[in-house]
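First to last, the sequence lines map onto chains L and C.
If you're matching positions, the first sequence starts at -4 in my numbering and goes up one per residue.
If you're matching positions, the second sequence starts at 1496 in my numbering and goes up one per residue.
Derived from the structure by calculation, the hints contain no laboratory data.
Where a beta carbon is used, it is the ideal one built from N, C-alpha and C, also for glycine.
Take these hints with a grain of salt, some might be off.
Partial pick of chain C residues on the chain L-facing surface, computed with a CB cut under 7 Å [unchecked claim]:
| id | residue |
| --- | --- |
| 1 | ALA1497 |
| 2 | SER1538 |
| 3 | VAL1544 |
| 4 | MET1552 |
| 5 | THR1556 |
| 6 | ALA1560 |
The calculated SDA-like cross-link candidates involving lysine to any residue, where the alpha carbons are at most 25 Å apart (straight line), are [what the hints assert, rightly or not]:
| id | chain 1 | residue 1 | chain 2 | residue 2 |
| --- | --- | --- | --- | --- |
| 7 | C | LYS1643 | L | ARG177 |
| 8 | C | LYS1550 | C | GLU1629 |
| 9 | C | LYS1550 | L | ARG48 |
| 10 | L | LYS187 | L | THR32 |
| 11 | C | LYS1550 | L | ALA5 |
| 12 | L | LYS34 | C | HIS1639 |
| 13 | L | LYS34 | C | THR1537 |
| 14 | L | LYS34 | C | LYS1575 |
| 15 | C | LYS1575 | C | CYS1565 |
| 16 | C | LYS1584 | C | LYS1643 |
| 17 | L | LYS187 | L | ARG3 |
| 18 | C | LYS1643 | L | GLY91 |
| 19 | L | LYS34 | L | ALA51 |
| 20 | L | LYS34 | C | CYS1565 |
| 21 | C | LYS1643 | L | PRO220 |
| 22 | L | LYS34 | C | ALA1525 |
| 23 | C | LYS1550 | L | SER176 |
| 24 | L | LYS34 | C | GLY1534 |
| 25 | L | LYS34 | C | ASP1536 |
| 26 | L | LYS34 | C | THR1568 |
| 27 | L | LYS34 | C | GLY1530 |
| 28 | L | LYS34 | C | LEU1501 |
| 29 | C | LYS1550 | L | GLU56 |
| 30 | C | LYS1550 | L | LEU92 |
| 31 | C | LYS1550 | L | THR32 |
| 32 | L | LYS34 | C | LYS1643 |
| 33 | L | LYS34 | C | CYS1535 |
| 34 | L | LYS34 | C | ALA1614 |
| 35 | L | LYS253 | C | GLU1626 |
| 36 | C | LYS1550 | C | THR1502 |
| 37 | L | LYS34 | C | ARG1634 |
| 38 | C | LYS1550 | L | ALA77 |
| 39 | C | LYS1550 | L | GLY91 |
| 40 | L | LYS34 | C | GLU1513 |
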Amino acid sequence: MHETTYHRAASVEDASRLLSASDEGQLIAGGQTLIPTMKARLAAPSDLVDISRIGALRGIEVSGRRVTIGAMTTHAEVAGSAELRSVCPGLADLAGLIGDPAVRHRGTIGGSIANNDPASDYPAGVLGLAAVIRTDKREISADDYFEGMFTTALDEGEIILSVSFDAPEACAYAKFPNPASRYALCGVFIAKGADGIRVAVTGAGNDGVFRASALEQALSLDFSPAAVDGVTVDADEMLSDIHGDAAYRANLVKVMAKRALAAM
Amino acid sequence: MADITLTVNGQRVSTTVEDRALLVEFLRDALGLTGTHVGCDTSQCGACVVHVDGKAMKSCTMLAAAADGCEVTTIEGVAKGDALHPMQKAFNDNHGLQCGFCTPGMIMSGIDMVARYRADGRTLDEAAIREELEGNICRCTGYHNIVKSIQQAAGEM
Ligand SMILES: Cc1cc2nc3c(=O)[nH]c(=O)nc-3n(C[C@H](O)[C@H](O)[C@H](O)COP(=O)(O)OP(=O)(O)OC[C@H]3O[C@@H](n4cnc5c(N)ncnc54)[C@H](O)[C@@H]3O)c2cc1C
Ligand code: FES
Ligand code: FES
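Given the sequences, and given the hints that come with them, work out the whole structure.
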């Protein structure tokens, strides 16, 4: 790991100030992506600004069906929240499927969606729930936020504060984990709400998380696993690698969609 | 350099660490607590699992500086004097190890999962143990005796 200078931010303003004062500084939340990347020398931030002790960034608030999750809330906290589970079990289930128990004790929702790994789980949930990502500068809708593999609408130095959404009538997430890494080879999040059906897919697409509009249309006419059969998922838009080729992933999208529907 | 004060196995430690030092490097190199192992470079094997403020975490994927103010427990801190922790005893009773490299991490993860399931009022059955061991890799045992060990300890803790 290359040398770096560690700072602990006392507040969001403090973090923002430390970042802009640094040469090539980076925020560190749970460190479950950034530290492995630094150990592999694929990242070498001059400064690390630790936001993990900022209390205001932590916690889950459920008021009626409105849910707000602080950026520093860990995967274990999301998976274990009875309050969240009572209105939105799909997202709690999703968080419980991320990595392993030790990773879930440190990794955070903010870090996950800031990174936007094409095989990570949260992007599917956040996009499927039509969540709003609040930062220290503005609010961004999930539809505008995810811009492709490892790319988001965040500006340099912008800090995610929270993710909020209205819990839909029903939602579920089905994941086919890569047998070795356990990241999603394909993960499908389906939400049925007042504004219709949303289907978000992670792991499979060749440019990160995406909404499967053909599936959304078919399911809005017939909300059943059988409706998935008539839909064609374009293999040209799927990722192809050593773990699974594009045709295999295209098929997985339909299989996972059916499993999610069966769980709703 | 970062000044840190933390509690390790019940003892308060105040020291200075390199900003980039990992918690596992601090534990092994500065404190000589070499029971915590490093089995990979990719945060995947779990040989380095310790408890930070009562939760299982990978000490290779956390900065020592970030542990300032925390309570850390390593494998050296779980026995009471000469009396092994029930989880250690169970690994012994069930031949839950062969080379022993993964064992400290297995035991720390085992203690953590038993405590968590108990706190939540959930049953830690065999399937749950296997699922919970997702982040701990063993190259020797084939896991059966590790699972048996954790099952036994769950009844004795
Ligand atoms: C063994 C292992 C298995 C894993 N398996 C999975 C899996 O199955 N599915 C999955 O989805 N993920 C998986 N992960 C990744 C894990 O979920 C990470 O916790 C997550 O991707 C990053 O969150 P973090 O809090 O650890 O972020 P960090 O590593 O601290 O940061 C990641 C990036 O986000 C930036 N950042 C962090 N917080 C903010 C913020 N509030 N605002 C703006 N930018 C921010 C950082 O600057 C950094 O660039 C795994 C990780 C490991 C080590
Ligand atoms: S050494 Fe920490 S996970 Fe392998
Ligand atoms: S006993 Fe050898 S790696 Fe587990």
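Hints and how they fare:
1. ALA1497: Result: holds, 5 Å to nearest chain L Cβ.
2. SER1538: Status holds, d = 5 Å.
3. VAL1544: Interface hint status for VAL1544(C): holds (6 Å vs cutoff 7 Å).
4. MET1552: holds, 5 Å
5. THR1556: holds, 5 Å
6. ALA1560: holds, 4 Å
7. LYS1643(C) x ARG177(L): holds, 24 Å
8. LYS1550(C) x GLU1629(C): holds, 16 Å
9. LYS1550(C) x ARG48(L): Judged against 25 Å, a Cα distance of about 16 Å means the pair holds.
10. LYS187(L) x THR32(L): It is violated: about 37 Å lies between the C-alpha atoms, which goes past 25 Å.
11. LYS1550(C) x ALA5(L): holds, 23 Å
12. LYS34(L) x HIS1639(C): violated, 32 Å
13. LYS34(L) x THR1537(C): Holds - the C-alpha atoms of THR1537(C) and LYS34(L) are around 8 Å apart, at most 25 Å.
14. LYS34(L) x LYS1575(C): violated, 35 Å
15. LYS1575(C) x CYS1565(C): Status holds; Cα separation ~21 Å.
16. LYS1584(C) x LYS1643(C): holds, 12 Å
17. LYS187(L) x ARG3(L): violated, 41 Å
18. LYS1643(C) x GLY91(L): holds, 24 Å
19. LYS34(L) x ALA51(L): Not OK: LYS34(L) and ALA51(L) at ~29 Å, beyond 25 Å, violated.
20. LYS34(L) x CYS1565(C): Distance ~23 Å between LYS34(L) and CYS1565(C) Cα, so the pair holds.
21. LYS1643(C) x PRO220(L): violated, 39 Å
22. LYS34(L) x ALA1525(C): holds, 20 Å
23. LYS1550(C) x SER176(L): With a Cα-Cα distance of about 22 Å, the restraint between LYS1550(C) and SER176(L) holds, given a limit of 25 Å.
24. LYS34(L) x GLY1534(C): holds, 14 Å
25. LYS34(L) x ASP1536(C): With Cα atoms ~7 Å apart, LYS34(L) and ASP1536(C) stay inside 25 Å; holds.
26. LYS34(L) x THR1568(C): holds, 24 Å
27. LYS34(L) x GLY1530(C): holds, 22 Å
28. LYS34(L) x LEU1501(C): Holds. LYS34(L) to LEU1501(C) sits at ~24 Å (cutoff 25 Å).
29. LYS1550(C) x GLU56(L): Holds: LYS1550(C) and GLU56(L) sit about 23 Å apart, inside 25 Å.
30. LYS1550(C) x LEU92(L): holds, 18 Å
31. LYS1550(C) x THR32(L): holds, 23 Å
32. LYS34(L) x LYS1643(C): violated, 34 Å
33. LYS34(L) x CYS1535(C): holds, 11 Å
34. LYS34(L) x ALA1614(C): violated, 35 Å
35. LYS253(L) x GLU1626(C): holds, 23 Å
36. LYS1550(C) x THR1502(C): holds, 14 Å
37. LYS34(L) x ARG1634(C): holds, 23 Å
38. LYS1550(C) x ALA77(L): Status holds; Cα separation ~19 Å.
39. LYS1550(C) x GLY91(L): Judged against 25 Å, a Cα distance of about 16 Å means the pair holds.
40. LYS34(L) x GLU1513(C): holds, 15 Å
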